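There are 2 protein chains.
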Amino acid sequence: MKVVNIVLVGFGKVGKAFFRIACEKRDLCLQQYGLDIQFKAIFEESGMLSSLNHLNIEDLLANNIDWRPGIRLDSVLEKERAGVLVECTPSNIKKGEPGLSHLHQALDRGWHVVTANKGPLVVDFPGLKRKAKEKHLALKFSGATAAALPTLDVALFSLAGAEITGIEGILNGTTNYILTRMEDGMDYREALREAQAKGIAESDPSLDVEGWDTASKILLIANEVLGTEFSMKDVKVEGITNISPHIVNQARKKGKSLKLLGKLTKIKDEFKIEVALSAIDDSNPLFGVDGANKGITFTTDTMDKVTVSGGKSDPRGAGASLLKDIINIYRSSFF
Amino acid sequence: MKVVNIVLVGFGKVGKAFFRIACEKRDLCLQQYGLDIQFKAIFEESGMLSSLNHLNIEDLLANNIDWRPGIRLDSVLEKERAGVLVECTPSNIKKGEPGLSHLHQALDRGWHVVTANKGPLVVDFPGLKRKAKEKHLALKFSGATAAALPTLDVALFSLAGAEITGIEGILNGTTNYILTRMEDGMDYREALREAQAKGIAESDPSLDVEGWDTASKILLIANEVLGTEFSMKDVKVEGITNISPHIVNQARKKGKSLKLLGKLTKIKDEFKIEVALSAIDDSNPLFGVDGANKGITFTTDTMDKVTVSGGKSDPRGAGASLLKDIINIYRSSFF
Chain H
1 MKVVNIVLVG
11 FGKVGKAFFR
21 IACEKRDLCL
31 QQYGLDIQFK
41 AIFEESGMLS
51 SLNHLNIEDL
61 LANNIDWRPG
71 IRLDSVLEKE
81 RAGVLVECTP
91 SNIKKGEPGL
101 SHLHQALDRG
111 WHVVTANKGP
121 LVVDFPGLKR
131 KAKEKHLALK
141 FSGATAAALP
151 TLDVALFSLA
161 GAEITGIEGI
171 LNGTTNYILT
181 RMEDGMDYRE
191 ALREAQAKGI
201 AESDPSLDVE
211 GWDTASKILL
221 IANEVLGTEF
231 SMKDVKVEGI
241 TNISPHIVNQ
251 ARKKGKSLKL
261 LGKLTKIKDE
271 FKIEVALSAI
281 DDSNPLFGVD
291 GANKGITFTT
301 DTMDKVTVSG
311 GKSDPRGAGA
321 SLLKDIINIY
331 RSSFF
Chain V
1 MKVVNIVLVG
11 FGKVGKAFFR
21 IACEKRDLCL
31 QQYGLDIQFK
41 AIFEESGMLS
51 SLNHLNIEDL
61 LANNIDWRPG
71 IRLDSVLEKE
81 RAGVLVECTP
91 SNIKKGEPGL
101 SHLHQALDRG
111 WHVVTANKGP
121 LVVDFPGLKR
131 KAKEKHLALK
141 FSGATAAALP
151 TLDVALFSLA
161 GAEITGIEGI
171 LNGTTNYILT
181 RMEDGMDYRE
191 ALREAQAKGI
201 AESDPSLDVE
211 GWDTASKILL
221 IANEVLGTEF
231 SMKDVKVEGI
241 TNISPHIVNQ
251 ARKKGKSLKL
261 LGKLTKIKDE
271 FKIEVALSAI
281 DDSNPLFGVD
291 GANKGITFTT
301 DTMDKVTVSG
311 GKSDPRGAGA
321 SLLKDIINIY
331 RSSFF
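Going line by line, the protein sequences match chains H and V. Just so you know, my numbering puts 62 at position 62 of the first sequence, and the rest follows in order with no gaps. Just so you know, my numbering puts 285 at position 285 of the second sequence, and the rest follows in order with no gaps.
Bear in mind the hints are in silico, worked out from the structure with no lab data behind them. For clarity, every value in this text was computed on a predicted model and none was experimentally measured. There's no promise every hint is true.
The list cannot tell twin chains apart, which means a pair is met if one copy fits it or any two copies do.
Mimicking BS3-like on lysine-lysine, the simulated pairs with C-alpha atoms at most 30 Å apart in a straight line are [what the hints assert, rightly or not]: (1) Lys95 to Lys233; (2) Lys305 to Lys198; (3) Lys236 to Lys266; (4) Lys79 to Lys40; (5) Lys254 to Lys272; (6) Lys256 to Lys305; (7) Lys13 to Lys305; (8) Lys2 to Lys135; (9) Lys233 to Lys133; (10) Lys79 to Lys2; (11) Lys133 to Lys2; (12) Lys129 to Lys13; (13) Lys2 to Lys129; (14) Lys2 to Lys131; (15) Lys256 to Lys198.
Can you build the whole structure from these sequences, using the hints too?
Given below as structure tokens:
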């Protein structure tokens, strides 16, 4: 049995969902994978909690606990035996902070990193990757690349040995939901309002509807899977804010469906990535991926196209994908 | 760098495709995974070949080589440093032979097993699994469970930590092709003949059209993923030989599509597996999986439904899935 020390930073929706799932799955982790998951500390804006194994989960999730202010993350990472830093602070894809500092602090002190936060990776993928590699540490981010929809896993594990020559994905639930509802006859504003009312879209939906969330994900997937070092300036980004019901109807009349796709294409040994509104027909395996669902297709040399779709698009799905990454770092073998 | 010794048994379509892909991917395996793949011997009915690294691949594939008769597999497995036995002889799901003996010989002598042959696993899954576990050896069979469509990988790796509560798959290309063509208006006989003419269906299609191939696959997937010990007698099997164009039309009129599904369901902590002709509507992610394509949906507790579809349904896809399993046994880490 291996003890896996966890320090969780960020206790919003995803951080809480991860904590709850890790507690629910404590016995499963022990029995099935021989992993004893131990929470050493949780950090959030108002402070830190430690000795979490003696806490009541429901109290903690209800915020009935006093957070200790003033304790520094790096001092905890220094003191405890290294395990996994789980990063769930909000994504800032321009500066990467505060996540970027957290990730560097963790790697510097010999901790593996599992993150749901796209920001640090979008801002400094090469630097973080290099540091993790030099120190033989894991830097895993299923939670930042469509979460419960397996994207990186499928590419790296299920397609091992195949050359990936193209990627195409519906990677953002909000935009896909809006596009589906526009196909049902709504206009953009109505569809966005409905998505917000249902908790699918955020109150400020700009990162989603302008394509930046999709751009971040296809960027990270490309860099991890193909070893490229793309940064955001290399991505041609299109959003859905300007589309009219007319365009949606035109596509429908031709039997096509409008999707906002994150795409990687290979043209003469050069890769290109972009986010583009695309009308696809029913020969495309992503045709049926509608509503808040996501999906991704990998085109390969030896295995043709492999498409994955589904996976819960909510904090619980994201939390489960963080636990998955932890298990896959520590499990002793795959047979 | 690790040297990976391979002994390949069975040099039919899949064995040849695997050999060709492994040769094509020699440099990739070295550079990307640090694996030096070395063929120590190939066995087929007429004899054995050794010292394969000095052979011309095209000659070998063209059968311009004299096979040495009379050499026993076990003597080669005994003599060479243990690596992976790759088993590609024809599936016999009643007796399991000759594959079953090959697998036992390999495991007894400390060789990992990667197999495209369903027979031995259908006949004695618990025995083989136990032996592999006791000896800390891999027993991998992506090639026997839909090959280039990743089924086991996704369940075991991408859904790690989630509880799988149901599985539903289109696992046989021949039956799915026939059903799709019947939706286009053909009758069963016509559609079968077309599938045979296109090389999708075999000249004796009974294992496919009577549902036994699907049954074998769902059986193996269930046993591996859920740790059950189902055998063929536990599976209720239905085929497609008795369906009339009328039934297909009726389904179509209701907006549904007929699929032959391998299903695992959980009813009060009890698992049940069956192969059943099912009319599914477009809310089912397998609805759009048509022609010779395959797909599988896993229902989980924390990640909702995850569906994979595609993957090349031919010997090359199967060969690529065998290479994938070998890489995933030996690769040093996943980060």
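For each hint, the structure was consulted:
no.: 1; hint: Lys95 to Lys233; in the structure: within (14 Å within a copy, 60 Å between copies)
no.: 2; hint: Lys305 to Lys198; in the structure: between (33 Å within a copy, 20 Å between copies)
no.: 3; hint: Lys236 to Lys266; in the structure: within (15 Å within a copy, 46 Å between copies)
no.: 4; hint: Lys79 to Lys40; in the structure: within (10 Å within a copy, 51 Å between copies)
no.: 5; hint: Lys254 to Lys272; in the structure: within (28 Å within a copy, 43 Å between copies)
no.: 6; hint: Lys256 to Lys305; in the structure: both (20 Å within a copy, 25 Å between copies)
no.: 7; hint: Lys13 to Lys305; in the structure: between (34 Å within a copy, 21 Å between copies)
no.: 8; hint: Lys2 to Lys135; in the structure: both (20 Å within a copy, 21 Å between copies)
no.: 9; hint: Lys233 to Lys133; in the structure: within (25 Å within a copy, 50 Å between copies)
no.: 10; hint: Lys79 to Lys2; in the structure: within (19 Å within a copy, 37 Å between copies)
no.: 11; hint: Lys133 to Lys2; in the structure: both (22 Å within a copy, 19 Å between copies)
no.: 12; hint: Lys129 to Lys13; in the structure: within (27 Å within a copy, 41 Å between copies)
no.: 13; hint: Lys2 to Lys129; in the structure: both (25 Å within a copy, 24 Å between copies)
no.: 14; hint: Lys2 to Lys131; in the structure: both (24 Å within a copy, 25 Å between copies)
no.: 15; hint: Lys256 to Lys198; in the structure: both (26 Å within a copy, 29 Å between copies)
Against the hints set out earlier in the document, no violation occurs for any number.
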